[in-house]
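Each chain, written out:
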Amino acid sequence: MTIESGSGNARQEYRALQAEAFNRIGVRYDDAFPHKEGQVAAGEWLIKQLKPGSRVLDVGCGTGAPTAQQFAQAGCEVTGIDISPVMLEIARENVPGGTFLELDVLELDGSLGTFDAVTAFFALLMLPRADITAALGKIHAALAPGGLFSLSMVEIDLDDVPFQFLGAPVRVTGYLRDEMRAAVEDAGFTVLTENHISYAPATTQAPPEIQLFFNCRREQF
Amino acid sequence: MSWDGESLAFLSFMSDAVQAIGDSPEPEQATRRFCEAAVPRLADAAAVYLDGGAQHRVDPGGRLPPRWTGDRAGVPELVDERLIVVPLRAYGRPVGSAVLARDRERSPFAEVDLLAARQLGVPAALTVFHGRLHRRQLETVETLQRGMRPGSPPDLPGLEISFRYQPAAERVGGDWFDVIPLPGSRVALVVGDVMGHGLAAAAVMGQLRTAVQTLASLDLPAEQVLHSLDEMAQRLAAQTLTTCVYCVYDPVLRRCTIANAGHLPPVLVRADGKAEVLTPPRCPPIGLGCTPFETMEIAADDDSMLVLYTDGLVEERGQDIGQSVDALCRKLSTGAPMEELCDGVLPPARSDDVTLLAIRFKGIPSDDVAQWLVEPQPMTPGRVRRLVRRTLAMWGLEAMIPIAQLLTSELVTNAVRQTPRPITIRLMRTDVLLCEVSDDDHRMPIMREPGVLDEGGRGLYVVSQLADRWGTSRVAGGKTVWFSLPIPDGRTR
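Protein chains in written order, with my numbering: chain S, 1 to 221; chain E, 222 to 714.
There could be a bad hint or two in this list.
[As the list claims (entries may be wrong)] Footprint (simulated), chain S over chain E, 3 or more residues, beta carbon under 8 Å:
#, stretch
1, 321-335
2, 601-608
[Stated by the list, open to error] Over the 10 Å line for every Cβ pair with chain S, so calculated as not near, a few chain E residues:
#, residue
3, 374
4, 590
5, 594
6, 652
Hint data in this document are derived by calculation from the structure and do not stem from the laboratory. Beta carbons: idealized from backbone N, C-alpha and C, even for Gly.
Construct the entire structure; sequences and hints are all you get.
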């Protein structure tokens, strides 16, 4: 069920559908997920280890809240990428100091430079598993050796399956925690800490979920 | 024919007495008036006996017995010159006996006294007969209504319930309420009011209440429940209007969905005691047909309280209903405990049915819920066993791991066979361990007892034998099969 990376049109179409869903969701996303303690804690974990002025990339930055905001407030140079223009608009308002680009993680090519840290909070679950592997590779490449990577996912055992999310049709992917950890490690990261949070969204439009947080370091090669 | 003064006076007395007895609304009054008419005019003591016991006695000398069973041949008679016995009969059937007695100092009874006593006995017997018939009918109605009438709601995790249900003086009414458990520990909360009073309203209520129960058990969305109820009402009770509020509380998500068909708005009392009138979309009552229904979704924070009620609770003659609802809101804002609040808002005197259902939201901590979406594959049951082990170990329920793993994987195996699309597994720890497996296949599983040589078809049988409780429910978009296991003592939260 995966979309072959590189087969241009199919990829574009896939991405457009996912982007459209998030265009429709917009600010409702933060209404449905008002409590982001896990994500905030992961951001703090990174900030503690980063010097002011560090370059941070927020993959799938969404509304910019709370992650890009946190980094901007901590004095980091934050770049957010997302495929939804509507989300990016909200992010630019939420985080005036950040740089926000309409860019797919799979299109990262080094032109943005090297980053000291990368976050991908609930972003990679919009990609089929084959693309998640590729995305982890892109993130690895965008990080300086020894750079930090914080990833969150929902613990689901699905590969590219249609799903109604906040009333919008999306396709979602995920792993159970052991498989997720293995995928991260296979991509050249060392998992430093791992957290699991049972989470109940503030809406009947999304089911309760278990959130997985992996704080990792890029290995030297 | 001419009448002398004495005869006229006697006729006038008889006429008044017959009228008074006949006017009695209750058998007790009729028997009292009989005795009061008889003493002292006709006798020095009088009593009416029903079912062998004295219903009423005027007997200053204490000569008449407390019981009277011998009504002899069933005809009025002068037993002796100081005692008259009149069998009371209505429509040819015995109702009881009237007994009159005279003191020694007084002249003995004459034939005319017997005739007078018989005369008074006729309205007394008829009134007693009709009064009792009326009571029997009321009892029938009450029995029927007790059968239809909501009993104590079940004890459910994630909420506390308080209710008041007081039918009006007529004893039958069109009010009802329900608390219906749904899959996923959700709960449907219902309060309805069939317009009109009495048996007709109660009969419609009984049918609509059953209909709501059935629709709720299909786990239809709230607006769909009211829509379907509206359609059913067209067939079941044409020309009758009903108002109904239907809510679904999800203690895990802490959300409450409210659909309102012409009913008074629910009141939400926040955890800090402040009460507010909710404003769900205004939809017409049930019974008009073809109406669209809409819902509102609210945050159901822990320790806040939803109050549903019927108009009998707030309606006051001459007062604007909006003001009455505001007054209710103020009474609910005192911060008192739930039972006290409920008592505090009940009207002192009522002319209408009064129903009140208050639900204190308690929530289920999200740490006590684990839920996964999984794609059905041959290795899925094995993976789910791993999830069960991990989760139960985290909850300190190690002893339950083997049985929970076995039963969960039976349900997951069934689901994997039935659908290629994702299935949901939910584990929940409340006072029991609950496991739900949901898929998008609408066919409900049927349990059968497997033959000794059958290789398949044992899944549900095993679950039914080993689980404390189990069941299947239709849910929006498919079905849920669930089981629960008791949590050994000391391990409950």
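Each hint, compared with the structure:
Figure legend: the stretch 321-335 of chain E, annotated as covered by chain S; annotation inconsistent (0 residues with Cβ-Cβ distances under 8 Å, at least 3 required). Counting residues of the stretch 601-608 of chain E whose CB lies closer than 8 Å to any CB of chain S gives 4, which reaches the minimum of 3, so the coverage claim holds. No beta-carbon of chain S comes within 10 Å of the beta-carbon of residue 374 (chain E); the shortest separation is about 22 Å. Not every beta carbon of chain S lies more than 10 Å from that of residue 590 (chain E), the smallest distance being close to 5 Å; the non-interface claim is violated.
Under the 10 Å C-beta cut-off, the non-interface status given to residue 594 (chain E) relative to chain S is violated; the minimum distance is some 4 Å. The claim that residue 652 (chain E) is not at the interface with chain S holds, since no C-beta of that chain comes within 10 Å of its own (minimum 18 Å).
Going down the numbered hints, you'll see the structure goes against 1, 4, 5, while the others check out.
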